[in-house]
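Peer 1: Chain by chain, the residues run as shown.
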Amino acid sequence: MTAALHLAYWQTTTIKVLVVMGVIPLGALVLAYVFLLKMMSHMQSRLGPMEAGPHGVLQLLADAGKFLQKEDVFPERADRAVFALAPVVVLMSAFLLYVVIPAGPRLTVSNLDTGVFFALAVSSLSVLGVLMAGWSSANKYSLIGALRAAGQLIAYELPLVLGVVGVVIQAGTMSLQGIVQAQAHGALLGFKTLGEPYILPQALGFVLFIVGAQAELTQTPFDMPLAETELVAGYMVEYTGFRFLFFFMAEFGTAFAFAAIGATLFLGGWYVPGVHGTAADVLGPFVLGAKIMLVSFFIFWFRFTYPRFREDQLQAVAWKYLIPLALVNILVTGLLKVVV
Amino acid sequence: MPSLLAAAHLDVAQNVAFGFLAASMAVAAIRVVTTKNIVHAALYLVVVLAGVAGIYLLLAAEFTAVVQIIVYIGAIVVLFLFGIMLTRAPLGRTANLDNNQRPLALAVALFLLGLLVYVLVDAFHSAHVDALHRPLRVGTTALVGNAIFQTYVVPFEAVSVLLLAALVGAVVIARRD
Chain W
23 MTAALHLAYW
33 QTTTIKVLVV
43 MGVIPLGALV
53 LAYVFLLKMM
63 SHMQSRLGPM
73 EAGPHGVLQL
83 LADAGKFLQK
93 EDVFPERADR
103 AVFALAPVVV
113 LMSAFLLYVV
123 IPAGPRLTVS
133 NLDTGVFFAL
143 AVSSLSVLGV
153 LMAGWSSANK
163 YSLIGALRAA
173 GQLIAYELPL
183 VLGVVGVVIQ
193 AGTMSLQGIV
203 QAQAHGALLG
213 FKTLGEPYIL
223 PQALGFVLFI
233 VGAQAELTQT
243 PFDMPLAETE
253 LVAGYMVEYT
263 GFRFLFFFMA
273 EFGTAFAFAA
283 IGATLFLGGW
293 YVPGVHGTAA
303 DVLGPFVLGA
313 KIMLVSFFIF
323 WFRFTYPRFR
333 EDQLQAVAWK
343 YLIPLALVNI
353 LVTGLLKVVV
Chain B
617 MPSLLAAAHL
627 DVAQNVAFGF
637 LAASMAVAAI
647 RVVTTKNIVH
657 AALYLVVVLA
667 GVAGIYLLLA
677 AEFTAVVQII
687 VYIGAIVVLF
697 LFGIMLTRAP
707 LGRTANLDNN
717 QRPLALAVAL
727 FLLGLLVYVL
737 VDAFHSAHVD
747 ALHRPLRVGT
757 TALVGNAIFQ
767 TYVVPFEAVS
777 VLLLAALVGA
787 VVIARRD
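Chains as they are written, first to last, in the numbering used here: chain W, 23 to 362; chain B, 617 to 793.
Hints in this document: simulated from the structure, not taken from any laboratory. Wrong hints could be hidden among the right ones.
Claimed, not checked - Restraint ranges, calculated between C-beta atoms of paired labels, are given here:
id, chain 1, residue 1, chain 2, residue 2, range
1, W, His-64, B, Leu-673, 45 to 55 Å
2, B, Gly-761, W, Thr-34, 27 to 37 Å
3, W, Ala-301, B, Ala-774, 44 to 54 Å
Computed from a prediction, not measured in an experiment: that's the story for all the values here. All C-beta atoms in this analysis are idealised placements derived from N, C-alpha and C, irrespective of residue type, glycine included.
Go ahead and model the full structure; you've got the sequences and the hints to work with.
Peer 2: As structure tokens, then:
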């Protein structure tokens with residue numbers, strides 16, 4: 023490195039914050055356009071929005087422009103301060119997720135020692151924003167939606183966390199960067215060149231993670247909190263304009279982050295066999311991006327395929343099936359880790 | 617003479633952050649007990665608990681800070697709010713949040729304050745965390761894990777069994793069939 027660029031701490035921090043602030047709307051736009059507008063339309067034999075830009079690519083920008091122009095409406099009996107704060111809390115939880123996601127050997131906001139545990143902790147903050155939104159709207163549909171959301175998010179946090187524990191045991195670290203390195207240097211059946219993406223040894227963990235993530239994101243088989251046929255739009259029903267845009271961005275920004283965490287934990291993150299050093303820093307974001315699209319494809323595919331669970335089925339799936347399976351997975355992984 | 621806050625041993629940014637956290641926690645803690653709305657009280661409690669997590673971070677206890685967030689904010693306060701909203705969650709001011717036990721509460725609070733200050737000063741008056749010159753960042757999670765599963769494995773298991781018993785007890789009480 024001849025002309026290495028040395029930046030002060032505040033400069034690197036500013037750059038990192040700006041990058042994350044750019045990634046969230048960008049990721050949300052990409053996911054919402056590619057999957058929500060286009061993939062769903064084509065799966066259901068229709069075109070979707072086609073007018074704004076070629077093949078409708080500018081539709082979401084037009085939507086965002088529309089939301090930004092709308093009047094900032096508060097319900098008459100709403101608790102104004104809490105009502106205004108709730109979307110910010112949800113969006114903040116999405117922002118914090120990006121702190122630990124590595125996009126290359128050196129491209130990470132902060133390679134925290136607690137890595138994946140930190141990500142799961144800050145993702146649980148969004149429940150708080152949902153409850154605040156539902157309560158402060160002074161609307162019974164909102165309140166019911168918020169309570170459903172809280173019950174669901176608490177129940178599905180467990181399979182999500184327990185499903186990830188298998189990966190943590192196998193990698194021997196909670197740092198996401200460390201987990202990528204462990205997969206890069208792992209050997210699957212003694213075959214070293216390709217590394218060891220944990221989706222193969224931790225297939226059960228991957229299933230648990232995807233189901234848990236689907237529920238945490240309140241995507242369709244688990245969209246009780248938003249159930250539009252029963253609750254209009256659940257906790258978001260009173261929101262409009264840029265506050266609704268906050269919720270929308272947080273929803274898809276969190277989906278993007280969860281897909282990134284899934285890709286990092288189970289598909290090797292930014293790693294491709296044979297690329298090391300600076301080249302990995304350059305290629306990393308694109309590799310990670312491709313893997314993110316793959317994981318999000320699954321998330322949205324399930325969303326468009328299955329009908330909604332009933333409340334009791336939803337809780338039964340988490341407590342009677344997913345959590346025991348996750349515990350078995352942890353036990354087997356732990357045993358193999360000690361024996362092998 | 618060793619300073620109680622050990623301010624001289626830390627750098628400026630940490631002192632500023634500590635001051636900010638401590639001030640906002642104190643204000644929020646007072647608002648928890650003075651606010652006239654029970655949901656607001658729970659939300660102010662979130663500020664206090666997040667401040668505690670921030671102070672853990674300043675002390676380089678990253679793992680403890682994350683546990684603080686996931687357990688206290690992600691679970692306990694959410695459970696509070698869930699319970700409040702499931703039963704009654706009036707918007708606006710509620711008149712009957714207070715009861716007539718203020719003197720007793722004051723006595724208990726002062727006693728607890730005195731006890732904690734005495735114990736902390738007595739135990740740690742000459743020690744300070746030198747986070748600047750001896751960073752504890754690397755491997756703190758591993759240290760916590762090793763301590764729990766090697767040195768303190770028996771107490772850890774005892775606590776686990778206790779919690780399991782409490783959990784089973786709660787289920788038994790809740791189910792009346």
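Peer 1: All the hints need checking, so say for each whether the structure fits it.
Peer 2: Taking the hints in turn, this is what the structure says about them:
no., hint, in the structure
1, His-64/W <-> Leu-673/B: 45 to 55 Å, "holds, 47 Å"
2, Gly-761/B <-> Thr-34/W: 27 to 37 Å, "holds, 30 Å"
3, Ala-301/W <-> Ala-774/B: 44 to 54 Å, "holds, 52 Å"
Consistency note: the structure conflicts with none of the earlier hints.
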